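Spelled out, the chains give:
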Amino acid sequence: MLDRVALVTGASRGIGRAIALHLAAAGHPVAVNYRSRSDAADEVVATISAGGGRATAVAADVGDADAVTEMVDEIGETLGSISILVNNAGITDDDLLLRMKPGAWDRVIQTNLSSAYLCSRAVLRGMLKARWGRIINITSVSGLSGNPGQANYAAAKAGLVGLTKSVAKEVGSRGITANAVAPGFIETDMTDQLGEAVRESALPAIAVGRFGTPEEVASAVGYLASEAAGYVTGQVLVVDGGLAF
Amino acid sequence: MDRAEVEAKMTELLVDELGLDRDKITMSATFEEDLEVDSLGVVELLMALEDNFGVAIPDEEAEAIGTVGQAVDVVMEKLGG
Numbered sequence: 307m308l309d310r311v312a313l314v315t316g317a318s319r320g321i322g323r324a325i326a327l328h329l330a331a332a333g334h335p336v337a338v339n340y341r342s343r344s345d346a347a348d349e350v351v352a353t354i355s356a357g358g359g360r361a362t363a364v365a366a367d368v369g370d371a372d373a374v375t376e377m378v379d380e381i382g383e384t385l386g387s388i389s390i391l392v393n394n395a396g397i398t399d400d401d402l403l404l405r406m407k408p409g410a411w412d413r414v415i416q417t418n419l420s421s422a423y424l425c426s427r428a429v430l431r432g433m434l435k436a437r438w439g440r441i442i443n444i445t446s447v448s449g450l451s452g453n454p455g456q457a458n459y460a461a462a463k464a465g466l467v468g469l470t471k472s473v474a475k476e477v478g479s480r481g482i483t484a485n486a487v488a489p490g491f492i493e494t495d496m497t498d499q500l501g502e503a504v505r506e507s508a509l510p511a512i513a514v515g516r517f518g519t520p521e522e523v524a525s526a527v528g529y530l531a532s533e534a535a536g537y538v539t540g541q542v543l544v545v546d547g548g549l550a551f
Numbered sequence: 009m010d011r012a013e014v015e016a017k018m019t020e021l022l023v024d025e026l027g028l029d030r031d032k033i034t035m036s037a038t039f040e041e042d043l044e045v046d047s048l049g050v051v052e053l054l055m056a057l058e059d060n061f062g063v064a065i066p067d068e069e070a071e072a073i074g075t076v077g078q079a080v081d082v083v084m085e086k087l088g089g
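Which chain is which? The protein sequence lines are G and C, in order.
Heads up, the first sequence is in the numbering used here, so the first residue is 307 and it goes up one at a time.
Heads up, the second sequence is in the numbering used here, so the first residue is 9 and it goes up one at a time.
Just so you know, these hints were derived from the structure itself, not from any lab.
Every value quoted in this text rests on a predicted model; they were computed, and no experiment measured them.
Here a beta-carbon is modelled for each residue, glycine too, at the ideal position from N, C-alpha and C.
Among the clues, some could well be false.
Claimed, not checked - Taking lysine to aspartate or glutamate and the DMTMM-like style, the derived pairs with C-alpha atoms no more than 25 Å apart in a straight line are:
#, chain 1, residue 1, chain 2, residue 2
1, G, Lys475, C, Asp31
2, G, Lys471, C, Glu52
3, C, Lys17, C, Glu52
4, G, Lys471, C, Glu68
5, C, Lys86, C, Glu68
Stated by the list, open to error - So these bits of chain C aren't anywhere near chain G, every CB distance computed over 10 Å:
#, residue
6, Val14
7, Ala37
8, Asp46
9, Ala70
10, Val80
11, Leu87
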């Protein structure tokens, strides 16, 4: 069981990095996907190796169908067939809808939503044969509640919820589960860009009274990836410290 | 590979990879009704045929497969036999 291979997309930084480290600590060989930051991805691999785990860095733009196919083939050769897929890769390109350029819309939908479709399709064949699999999509409270300035991001994240629930119904009979994790305000480079005023104004709405850590999201993913979560599918696990929205 | 060999191998993979009941598998058995294979099961069947016989079956040809015998026909044709 512990040699079940995991692929985490967008794993060089932030929440993806924490998920990769968490799954590696649980004994899984981990493919650390990244698009541009090879130094950061190498650091994640080195950290896992130093802890006695197995990992490999794989470069791919997960919004590109051919790149995804190549990546999954490469992982199959180096680590083995993928049993756990964490669709985490995500970007923001915020603007009010009235000013949002088509490019900003398309890019965010492609990277945050189409990527999950492409990666899920690419790994399902192996999961079907193994009669075991875990697909975990990292969505966001933005996708559940909406957020001004994030119509593209929220639409992509809401789309992930529909994707998750549909895949769960398609493959549930084959031992494969699909779930989503919806983080709230988490301490990452992405939320660092929010600015102090926005961060301060968000705090009163959070019951726990602080931003979450990437590790707190990773442990929720770890549960959904585990044997113990075999009867949980099609769900959205919100990890937001009790955010009022 | 002659037809008897393809039929035997087909039966094996239906039992081993799709988990079907060996007693129900005949060449005239329909996948959907007699063998109760669902739509995902049909996809799995095509995957199994690709893996075990090394043949790729396009969707439009796959849609015409209704019985085990027809699946054998398609594989035989692809194998050039």
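Exclusion check [Val14 (chain C) not at the chain G interface, CB over 10 Å]
Given a closest Cβ separation of 21 Å, the condition holds.
Regarding the assertion that Ala37 (chain C) does not contact chain G, is the least Cβ-Cβ distance greater than 10 Å?
Ala37 (chain C) is indeed farther than 10 Å from all Cβ atoms of chain G, at 21 Å.
Just to be careful, I want the Cα atoms of Lys17 (chain C) and Glu52 (chain C) compared with a cutoff of 25 Å; is the pair within it?
Cα-Cα ~16 Å, so holds.
Going by Cβ atoms, does Ala70 (chain C) stay more than 10 Å from chain G at every point?
holds (15 Å)
Leu87 (chain C) non-interfacial with respect to chain G [C-beta, more than 10 Å]:
Check passes; 22 Å lies beyond 10 Å.
Going straight from one Cα to the other, do Lys475 (chain G) and Asp31 (chain C) come out at no more than 25 Å?
Answer violated: Lys475 (chain G) to Asp31 (chain C) is near 29 Å, above 25 Å.
Holds or violated: Lys471 (chain G) to Glu52 (chain C), with C-alpha atoms at most 25 Å apart
Judged against 25 Å, a Cα distance of about 21 Å means the pair holds.
Agreement of Lys86 (chain C) and Glu68 (chain C) with the hint, judged by alpha carbon distance not exceeding 25 Å:
holds (14 Å)
Please check whether the beta-carbon of Val80 (chain C) is more than 10 Å away from every beta-carbon in chain G.
holds (22 Å)
So Asp46 (chain C) supposedly isn't at the interface. Is its beta-carbon more than 10 Å from every beta-carbon in chain G?
About 8 Å separates Asp46 (chain C) from the closest Cβ of chain G, which leaves it inside 10 Å; violated.
Distance restraint between Lys471 (chain G) and Glu68 (chain C), which requires alpha-carbon spacing of 25 Å or less
Since the Cα atoms of Lys471 (chain G) and Glu68 (chain C) sit roughly 28 Å apart, the hinted pair is violated (cutoff 25 Å).
In terms of the numbered hints stated before, the structure departs from hints 1, 4 and 8, listed from lowest to highest.
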